[in-house]
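Okay, here's what each chain looks like letter by letter:
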Amino acid sequence: MKKQAKFGIGISVIVVAMGFLAWLGYGESKTYYHTIAELQTLQGSARAQRMRLGGTVAPGSIRKLSGRVDFVLEGEGKKLPVSYIGSDPLPDTFADKAQALVEGRPAEDGRFVADHVQAKCASKYEAAPGGDTAPSSTQRSSM
Amino acid sequence: MDVFGSFALLLALVCGVYAFAGGIAAIITRHPLLVKSTRQAGMATCVLVFIGTFSLEYLFFTDNFASAYVVSHSNKDLSTFYKIAALWSGMEGSLLFWSFILSIYVLSVLIAYRNKNGELMPYVGVVMAGVQTFFLLLNNFVESPFKSLAAPGANGIMNLVARSDGNGLNPLLQYPEMVIHPPNLYSGYTGFTIPFAFALGALLARYPGEKWIHLTRKWAMIAWMFQSMGIMLGAHWAYAVLGWGGYWGWDPVENASLLPWLTGTAFLHSVMMQEKRGMMKVWNVWLVFCTFMLCILGTFLTRSGVVSSVHAFAQSNIGPWFVGFISLTFLTCLVAYLKNRDYLKSENQLDSVISRESSFLFNNLLFLVACIAVLSGTLFPVFSEWFTGDRISVGAPFFNKVDIPIGLLILFLTGVGPLLAWRKTSPDSLKRNFGWPLAFAAVCATVAFALGFRKPYSLICLYLCLFVAATIVLEFYRGATVIRARSGASYPACVIDLTMRNTRRYGGYIIHMGMVFVFVGLSGAAFNKDVQKGMRFGESMHIGPYTLVLQTSDTKPNPNYTAQRMVVEVLRDNQPMMILNPEKRHFLTAKEENGTMVAIYSTLKEDLYVVFAGDDPETNLPVIHAFLNPLVKWIWFGGVLVVFGTLTALMPNRRAVLVLAGTTQPAAAHPAAQPLPSSVSLREGHD
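For the record, the sequence lines run as chains A and B.
Each residue of the first sequence is one higher than the one before, starting from 152 at the first, in the working numbering.
Each residue of the second sequence is one higher than the one before, starting from 1041 at the first, in the working numbering.
Same shape as in the complex, but just chain A (with noise of 0.2 angstroms):
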């Protein structure tokens, strides 16, 4: 065989090995980002996809339970509850008014099951300008 083709083929194996399992990996992981209000409005498999969506965590409406934590995202002038159910403790700058990023699936109820959420604390200072306010993640990778 030449040289040249099993140099081909040897790039081809590695290329096309690593888009498949791209491939898989994406299936798993793919999330969809929604507002909330856009999530009302989706219907049937959309509805079912993971998904990601934003807001600021209503005042007073955290509720901590037992093996889950309760608590409302607004947005748009739309009110979503959320339990979040995941293992990881939730990150010191979730509070009243803070920006969260929730992760999970929209539950039969209407309520949203979140596994991962990310916040972002509230800027009670004046806004001073590139205020910086890195939010801290419940994310846990699988490394």
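It should be emphasised that the hints constitute simulated quantities derived from the structure, not laboratory data.
Among these hints, one or two may not hold up.
Claimed, not checked - Derived list of chain B stretches under chain A, where covered just means 3 residues or more per stretch with a C-beta under 8 angstroms from a C-beta of chain A:
(1) 1386-1394
(2) 1403-1415
(3) 1442-1454
As the list claims (entries may be wrong) - A few chain B residues that don't get close to chain A, going by computed Cβ distances all over 12 angstroms:
(4) 1097
(5) 1101
(6) 1248
(7) 1254
(8) 1257
(9) 1282
(10) 1321
(11) 1375
(12) 1376
(13) 1484
(14) 1516
(15) 1602
C-beta: ideal position from N, C-alpha, C; glycine also.
Given the coordinates of chain A, assemble chain B onto it according to the supplied hints.
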């Protein structure tokens, strides 16, 4: 001082523009005075950036709470150590810090080569000045760190106001690593500007030969070393501060720092193909170009919040600037390449599948595929929104699926590649070089399997680690034996002597060994365990061989925060071992933020990682979250070894001339008895 500083930055921009535009004029007219003046303008730019940066730091040290940036990122009680770090804790300061570190590099290059490479340096100077000008534009007009606080007065005119205390530094950043992690990472990001400037300069100047590669190799290695350290320190910071028990989350900003590292690593390997065989010239030039663009992209991702992340700063208006700059850079590179591509003709062809060339080829392919996978995964939300209208993100499973197999293949090549001969490798040498390591690794892996080490990827990883480590040790052993046969010194002395004679090659082996340790540590992640429990005082929990007993809790006062500290006694086999103190810190500044301090007991076998996860609101009991993470310490140790290896490889060879005379002599005297020495001395100088 704020006016002084902003004036210094403005003047720096003026000098930078002159160095850029004047430099182009100097290249066209070749007027020696113009060449000299633009070089000096380049130096002046750097000095002015230094002055600007020190002015901002001065504002921090003097608690100047009339400055908007200082108010947002510092407070009176912040310790001096963190006042230094506060400089790069926000958008404006970190962009200024980028310019600052870039200026250190640029000034070093301008001074080091001021009387050398006269044909090439004006081009290099123009490229460097171009990059500096871009960042100085941001520093001056888009994200100026020298803004003052102002409030509208009674007559409607804005008046300057000063605040009595600042808002404080983000608690997540109040950790020693955070003081050294960003400077390292920035030194990596900015450092790749120098190889980029030389590559583009050499292409534009059609500078003959491989000289630019020799000139930039050390700069590329320095940048690579800082990038590696930055990534390691960042991982360690995430591990020790964020309290989720891991060190790598495939977060966009983590990925952003990995991307140029991947292409930079590929570059450091493929330059050898060009040096030794005159091949892959186009590839190398584009690898440098891509590495630089990925550095800019990394800075952009970190600073713009395009992809949401743990570190990304708030949405800002620098996005279009960066997109514009990356596009402009890409166009410049493309035009330069198309105009001068005949200059990059390859001198040789691949000869055999089992050869050094082919191992480099596959090494590069794998690094590139890894880079593309990480890049596409990171930018997936952006692209999916463009193409389908839906914003879709991919998570850790995507990255792990692709990058773990690639990592293992690269690990395999790490062991095989350096021992293959150029052009073609004989079956005999394959057997000699790989026979023992393969057998050794197989035996050890079988033992590990029997002992219960049975996750497939971890077992493969362990096997490859043992194999690679064995080949490296064998290389050192063979080389040291040759030297020992002549000098009679002890083995350790011979190993040091051997390393110093060919620092690049043996430094490279040390780096490879460091990566082996990192992989050993990564393979442990498959065996992580964790337990979480709300605990009464006196109650205990079990994890692995340890028993944790919550004794009591106390508070630790500090001017900057109050800490609630848990006193956790650790027992092993019912014998008391030590007390761990995980704590929560409540910061007393205007933002009223909390911080978590993890308590870690680290051994080579495993880390016991204990987090105080706050109080359970229902029962009011403190929640203790304990993790048992095997082998994590190996990662940090591997990182140290990588840095040590890079420093070794940066050192000049000792007695280069004597090496050739010395090693050929015994080989000639006993040609039959010592076949190995000759092979060692023949391979001298490769790496």
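> Quick check: which numbered hints come out false for this structure?
Replying inline: Number 9 only.
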